[in-house]
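S.K.: As given, the protein sequences belong to chains F and C, one line each in that order.
Take 1 as the starting number for the first sequence in this note's numbering and just add one per residue.
Take 423 as the starting number for the second sequence in this note's numbering and just add one per residue.
Read the hints as simulated data drawn from the structure, not as lab findings.
A hint or two may mislead.
Take a look, some chain C residues computed to stay more than 10 Å from chain F by CB distance [what the hints assert, rightly or not]:
| id | residue |
| --- | --- |
| 1 | Ala-517 |
| 2 | Arg-561 |
| 3 | Asn-641 |
| 4 | Ser-643 |
| 5 | Pro-675 |
| 6 | Leu-676 |
| 7 | Thr-754 |
Simulated crosslink set (DSSO-like; lysine-lysine; CA at most 27 Å straight-line) [what the hints assert, rightly or not]:
| id | chain 1 | residue 1 | chain 2 | residue 2 |
| --- | --- | --- | --- | --- |
| 8 | F | Lys-155 | C | Lys-465 |
| 9 | F | Lys-363 | C | Lys-465 |
| 10 | F | Lys-409 | F | Lys-363 |
| 11 | F | Lys-409 | C | Lys-465 |
All C-beta atoms in this analysis are idealised placements derived from N, C-alpha and C, irrespective of residue type, glycine included.
Given next are the chains, with one letter for each unit.
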Amino acid sequence: MQELDQVFVNAKGWLLSLFPIGLRPWVSIAVSVGVIAAIAPFIMMYLTWLERKIIARMQNRFGPTRVGVYGLLQPISDGIKMLIKEDIVPRGADPLLHILAPILSLAPAILLFAVMPFGRNMIAADLNVGLLYLFAISSISSYSIFMGGWASRSKFSILGAMRGVAQIISYEVPGVLSVVAVIMITGTLSMVGIVEAQADQWFVFTPWGIVGCLMFFLSGVAEVNRTPFDMPEAESELVGGFHTEYSGMKFALWYMAEFLESFAICAFTTTLFLGGWQGPAVPFWVLGLLLAVIVATGTKLPAPIRSVGAAAMLGAAVLWRTQVIPSWAWFLAKTYALVFVLVWLRGTFPRLRVDQLMGLAWKFFLPLGLVNIVAAGIWWSLRETPWFGWIASAVVLALSAWALVLANKPEPLQPRTYIYAD
Amino acid sequence: MNSQTHPIETELLEVSLGPQHPSTHGVFRMNATLDGETIVKLKPVMGYLHRNHEQIGEGITYIASFPFTDRLDYFCAMSNNFGLALAIEKLGGIAVSERGEYLRVIMAELTRLINHTAVTGFLLNDMGAFGTPLLYAFREREKILDLFEAASGSRMMCNYVRPGGVREDVPEAWLERAEKLVDGYPAFLDEFEKLLTENEIIRQRCQHVGILPKELAINASATGPLLRASGVDYDIRKVDGYSIYSRFNFRVPLGTVGDVYDRYYVRILEMRESVKILQQALKEIPTGAAISPKGLAMVKAPRTFRPPKGEAYGRIESPKGELGFYLVSDGTPQPYRYHIRAPSFVNLTILEDMCLGHKVADVIIILGSIDIVMGEVDR
Numbered sequence: 001m002q003e004l005d006q007v008f009v010n011a012k013g014w015l016l017s018l019f020p021i022g023l024r025p026w027v028s029i030a031v032s033v034g035v036i037a038a039i040a041p042f043i044m045m046y047l048t049w050l051e052r053k054i055i056a057r058m059q060n061r062f063g064p065t066r067v068g069v070y071g072l073l074q075p076i077s078d079g080i081k082m083l084i085k086e087d088i089v090p091r092g093a094d095p096l097l098h099i100l101a102p103i104l105s106l107a108p109a110i111l112l113f114a115v116m117p118f119g120r121n122m123i124a125a126d127l128n129v130g131l132l133y134l135f136a137i138s139s140i141s142s143y144s145i146f147m148g149g150w151a152s153r154s155k156f157s158i159l160g161a162m163r164g165v166a167q168i169i170s171y172e173v174p175g176v177l178s179v180v181a182v183i184m185i186t187g188t189l190s191m192v193g194i195v196e197a198q199a200d201q202w203f204v205f206t207p208w209g210i211v212g213c214l215m216f217f218l219s220g221v222a223e224v225n226r227t228p229f230d231m232p233e234a235e236s237e238l239v240g241g242f243h244t245e246y247s248g249m250k251f252a253l254w255y256m257a258e259f260l261e262s263f264a265i266c267a268f269t270t271t272l273f274l275g276g277w278q279g280p281a282v283p284f285w286v287l288g289l290l291l292a293v294i295v296a297t298g299t300k301l302p303a304p305i306r307s308v309g310a311a312a313m314l315g316a317a318v319l320w321r322t323q324v325i326p327s328w329a330w331f332l333a334k335t336y337a338l339v340f341v342l343v344w345l346r347g348t349f350p351r352l353r354v355d356q357l358m359g360l361a362w363k364f365f366l367p368l369g370l371v372n373i374v375a376a377g378i379w380w381s382l383r384e385t386p387w388f389g390w391i392a393s394a395v396v397l398a399l400s401a402w403a404l405v406l407a408n409k410p411e412p413l414q415p416r417t418y419i420y421a422d
Numbered sequence: 423m424n425s426q427t428h429p430i431e432t433e434l435l436e437v438s439l440g441p442q443h444p445s446t447h448g449v450f451r452m453n454a455t456l457d458g459e460t461i462v463k464l465k466p467v468m469g470y471l472h473r474n475h476e477q478i479g480e481g482i483t484y485i486a487s488f489p490f491t492d493r494l495d496y497f498c499a500m501s502n503n504f505g506l507a508l509a510i511e512k513l514g515g516i517a518v519s520e521r522g523e524y525l526r527v528i529m530a531e532l533t534r535l536i537n538h539t540a541v542t543g544f545l546l547n548d549m550g551a552f553g554t555p556l557l558y559a560f561r562e563r564e565k566i567l568d569l570f571e572a573a574s575g576s577r578m579m580c581n582y583v584r585p586g587g588v589r590e591d592v593p594e595a596w597l598e599r600a601e602k603l604v605d606g607y608p609a610f611l612d613e614f615e616k617l618l619t620e621n622e623i624i625r626q627r628c629q630h631v632g633i634l635p636k637e638l639a640i641n642a643s644a645t646g647p648l649l650r651a652s653g654v655d656y657d658i659r660k661v662d663g664y665s666i667y668s669r670f671n672f673r674v675p676l677g678t679v680g681d682v683y684d685r686y687y688v689r690i691l692e693m694r695e696s697v698k699i700l701q702q703a704l705k706e707i708p709t710g711a712a713i714s715p716k717g718l719a720m721v722k723a724p725r726t727f728r729p730p731k732g733e734a735y736g737r738i739e740s741p742k743g744e745l746g747f748y749l750v751s752d753g754t755p756q757p758y759r760y761h762i763r764a765p766s767f768v769n770l771t772i773l774e775d776m777c778l779g780h781k782v783a784d785v786i787i788i789l790g791s792i793d794i795v796m797g798e799v800d801r
């Protein structure tokens with residue numbers, strides 16, 4: 001079943017074989033760039049569709065249904081609408097910066113795709129400093145946000161830009177700290193190296209891994225300005241924050257950047273902590289067989305469901321055992337599961353306040369990140385006796401997290417009493 | 423290096439929140455002066471929706487003002503009608519039919535359910551939740567609006583209550599429908615509360631934000647849930663005992679701190695009490711005419727209604743506070759003076775005191791917790 005796994009890699013190899021040897025490196029670059037440039041807008045468009053559909057279901061609505069089956073053409077119609085809208089530059093704004101800002105925000109979002117390992121051998125550039133590249137590129141967005149806010153010459157934009165920069169800078173620190181543990185354990189900054197190091201065990205199944213995973217993911221959510229950390233946009237307070245004064249395609253570019261970055265955050269969380277394109281090392285096919293037996297013998301279920309369910313479980317177990325599921329399917333499945341979590345957060349949580357957000361970064365995430373590095377060290381030094389190392393680092397993390405929660409517990413969170421006058 | 427320290431010079435930023443703003447609940451404007459994100463001065467600016475309601479009311483018959491009152495607080499058309507009807511009855515000495523009284527109370531309490539559910543949803547929207555609580559609230563609101571439509575023919579602009587009773591009796595099986603809805607309401611409230619009450623983010627955002635001290639609340643003549651959340655026991659249904667409220671068994675929930683969270687929770691508790699009132703009213707409602715003969719005569723021929731010279735003030739506990747209608751008669755079919763005491767307007771005047779020292783984000787939710795409707799503020 002190697003063919004399916006490597007289908008995209010082989011296709012590229014075939015394409016390259018059509019060209020003379022001297023040209024091949026250049027063609028290879030061009031093909032990678034072309035593929036990323038083609039799929040990035042596609043991913044963004046269908047992320048908007050997914051988000052609208054999922055949130056709609058959470059709110060007892062249907063979401064887009066009118067354009068195409070299940071509203072599948074809605075993103076295209078939105079895109080056309082954005083293109084034909086009037087492009088308004090406010091009076092007094094700096095027109096050059098005003099147009100540069102959304103472009104500067106979109107470019108790094110697409111650049112992030114270069115080090116995204118979509119599958120086995122499916123990475124555009126396997127840099128040996130991949131992680132460094134990730135953080136270097138993703139922090140450019142703070143410039144673009146401030147540029148956009150400043151150039152708009154609007155007070156809401158300035159406020160949003162100020163919040164945005166403060167937030168992105170603050171959350172970069174815990175974001176980087178959470179990854180230090182991964183670098184320590186794997187000894188590499190290369191994305192491919194990190195994924196391959198997780199062949200036996202996804203890092204999320206270690207104590208430091210789960211903490212790091214949550215910290216990285218939440219810092220990422222904060223960096224791409226999504227609820228509950230969408231302070232720079234804060235629709236109900238600042239109208240649109242830094243993009244208040246943007247319309248038409250420029251606005252669409254901001255949105256595109258935001259959605260691509262959220263996708264990238266999910267993809268990199270998958271890569272760093274959830275095993276990337278690796279399937280689970282745990283023999284889950286045993287679980288599949290077990291489920292098949294349970295479903296088949298369940299007397300309360302009607303016969304058709306029993307047979308179909310058992311067959312499905314059996315099929316899943318066989319698929320799993322024979323490892324027929326291609327690596328890119330694993331990667332996309334995990335990434336989209338995280339995207340769902342992102343949308344879920346947006347659908348359920350109200351927004352934090354600016355000071356509370358900063359408090360979370362500096363008073364909770366930062367110390368916990370430092371402790372996490374120590375915990376990873378303990379785990380690593382006790383790797384001869386895995387269970388002991390596991391428990392020791394878990395205890396260290398749990399104690400420090402508990403202490404931090406106690407230290408940061410705000411005073412007002414006491415239970416309230418209400419009296420009745422009769 | 424110079425050892426002297428220079429304080430960083432900062433400037434205050436004046437921001438005009440509104441009149442076109444997603445969460446000022448209409449065309450309301452706050453001229454806020456910010457130091458960074460902190461509010462140092464805030465001036466409410468009103469009048470963008472002024473439409474001369476009182477002046478118009480002085481040129482038309484008493485009863486012709488009813489459709490206009492629907493547009494005051496467009497969430498609570500039924501209770502607005504109720505207030506004006508009370509004032510006219512006092513002025514003209516009109517008796518109310520027994521069934522009419524019950525129907526009015528039922529409508530007014532259903533309106534309270536609508537208003538409090540919706541305002542909680544809007545409050546969460548102001549807090550940044552992406553519409554989910556609001557849509558849950560609106561799902562329940564639609565069911566009540568269906569009832570209103572069946573009774574009055576209109577979902578929001580009901581124009582239903584008349585001096586002496588209500589315009590017409592409710593259709594067949596309406597009371598059973600209402601009873602079913604009311605009995606199901608506590609389950610919805612439980613679901614709603616599960617989502618919100620213990621939510622850590624909500625508690626952090628709402629608790630100890632926008633505290634309104636008891637004395638200030640009284641001095642500023644705040645009314646409604648805003649006042650009761652500050653711990654003042656003042657509910658016109660109890661104090662004044664207008665209509666037939668004294669027949670029902672219900673309690674008045676009071677807050678202790680007077681912050682946004684208390685206002686939210688007092689509203690939830692008030693809804694539970696409203697459900698109790700509704701259950702009692704729906705059980706006890708008598709049969710008979712929905713409007714008294716004198717009221718009917720007035721409705722049929724509005725220009726024959728010439729109340730004696732004098733004045734009357736009819737007030738109700740509307741969901742937002744004390745809604746009062748002040749009428750002065752000079753013996754003609756039109757009122758000489760027609761004035762409305764709008765709870766939203768009066769409650770809004772203490773906005774600055776609640777907001778000073780808080781962040782921009784807090785101002786939005788404090789405004790949301792006051793519960794204003796611009797139609798009523800500007801009239």
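S.K.: Taking the closest pair, is the beta carbon of Arg-561 (chain C) still more than 10 Å from chain F?
M.R.: The assertion about Arg-561 (chain C) is violated, with a minimum of 6 Å to chain F.
S.K.: Holds or violated: Lys-363 (chain F) with Lys-465 (chain C), Cα cutoff 27 Å?
M.R.: violated (35 Å)
S.K.: Is Ser-643 (chain C) truly not at the interface, in the sense that its beta carbon sits beyond 10 Å from all beta carbons of chain F?
M.R.: With a cut-off of 10 Å, Ser-643 (chain C) remains clear of chain F, as the shortest Cβ separation is near 19 Å.
S.K.: Keeping to a limit of 27 Å between CA atoms, is the pair of Lys-155 (chain F) and Lys-465 (chain C) held or broken?
M.R.: holds (17 Å)
S.K.: Once the closest CB in chain F is found, is it more than 10 Å from Leu-676 (chain C)?
M.R.: violated (5 Å)
S.K.: Quick one, are Lys-409 (chain F) and Lys-465 (chain C) close enough, alpha carbons at most 27 Å?
M.R.: Violated, at about 34 Å.
S.K.: Non-interface claim for Asn-641 (chain C): all C-beta distances to chain F beyond 10 Å?
M.R.: holds (20 Å)
S.K.: Please confirm whether Ala-517 (chain C) is truly not at the interface, meaning its C-beta sits more than 10 Å away from all C-beta atoms of chain F.
M.R.: Holds: least Cβ distance 30 Å, greater than 10 Å.
S.K.: Could you check that no beta carbon of chain F comes within 10 Å of the beta carbon of Pro-675 (chain C)?
M.R.: violated (5 Å)
S.K.: Mind verifying the non-interface call on Thr-754 (chain C)? Its CB should be farther than 10 Å from each CB in chain F.
M.R.: Fine: 43 Å to the nearest Cβ keeps Thr-754 (chain C) off the interface.
S.K.: Is it true that the CA of Lys-409 (chain F) sits at most 27 Å from the CA of Lys-363 (chain F)?
M.R.: holds (11 Å)
Taken one by one, the earlier hints fail for this structure at numbers 2, 5, 6, 9, 11, listed in ascending order.
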